[in-house]
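Enquirer: Sequence:
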Amino acid sequence: MPLQCAGTVSDLQAAKAGKLITAAGVAYEYRSFPDGMYAMHATDPQCFAVTLVRWAAPSAAPLPRA
Numbered sequence: 187m188p189l190q191c192a193g194t195v196s197d198l199q200a201a202k203a204g205k206l207i208t209a210a211g212v213a214y215e216y217r218s219f220p221d222g223m224y225a226m227h228a229t230d231p232q233c234f235a236v237t238l239v240r241w242a243a244p245s246a247a248p249l250p251r252a
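Position one of the sequence shown corresponds to residue 187 (our numbering), numbered consecutively onward.
Possibly wrong hints are sitting among the right ones.
[Unchecked claim] What follows is a list of derived Cβ distance ranges for each label pair:
#, residue 1, residue 2, range
1, 205, 231, 31 to 39 Å
2, 229, 205, 25 to 33 Å
3, 210, 231, 28 to 36 Å
4, 236, 204, 30 to 38 Å
5, 209, 234, 23 to 31 Å
6, 211, 234, 24 to 32 Å
7, 225, 196, 29 to 37 Å
The hints are simulated quantities; they were obtained by calculation from the structure and are not laboratory data.
Everything numeric in this text was worked out from a predicted model, so none of it was measured.
We put the CB at the ideal spot given by N, CA and C, even for glycine.
Start from the sequences, fold in the hints, and give me the full structure.
Expert: See the structure below:
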C-alpha cells in the first residue's frame, strides 16, 4: 500500500522521504501541487477529491496483519 506524506514540505524533503520509504520496500508515489494552497480541501475541492479517491483506491484491500 502506498504511503502518504501529508503536509507542506519542500521538494528536497519529499525526495529524502521517498528514498527512505522505498529503501524500506514500501511503495511511494510523489505528487506535487505547486499551485495548491495548504487547505486544498477548501480552495480546490475537486482536485482534493480526485487526489483523495486516487490515493485511497489501492488501500481498499484489507491491511495485512502485523
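Enquirer: Tell me if the beta carbons of residue 236 and residue 204 are separated by a distance inside 30 to 38 Å.
Expert: Since residue 236 and residue 204 have Cβ atoms about 22 Å apart, the given range 30 to 38 Å is violated.
Enquirer: Take the C-beta atom of residue 211 and the C-beta atom of residue 234, compute their distance, and say whether it sits inside 24 to 32 Å.
Expert: Holds, at about 29 Å.
Enquirer: Given a hint of 25 to 33 Å, does the C-beta separation of residue 229 and residue 205 actually sit inside it?
Expert: Distance hint for residue 229, residue 205 holds at roughly 30 Å.
Enquirer: That 31 to 39 Å hint for residue 205 and residue 231 (C-beta), does it hold up?
Expert: Given about 32 Å between the Cβ atoms, the range holds.
Enquirer: How does the Cβ-Cβ distance of residue 210 and residue 231 compare with 28 to 36 Å: does it lie in that range?
Expert: 33 Å, holds
Enquirer: Return holds or violated for the Cβ distance of residue 225 and residue 196 against the range 29 to 37 Å.
Expert: 19 Å, violated
Enquirer: Is the distance from the Cβ of residue 209 to the Cβ of residue 234 consistent with 23 to 31 Å?
Expert: Between residue 209 and residue 234, where Cβ atoms are some 30 Å apart, the hint holds.
Violated hints, listed in ascending order, are 4 and 7; each of the other numbered hints is respected by the structure.
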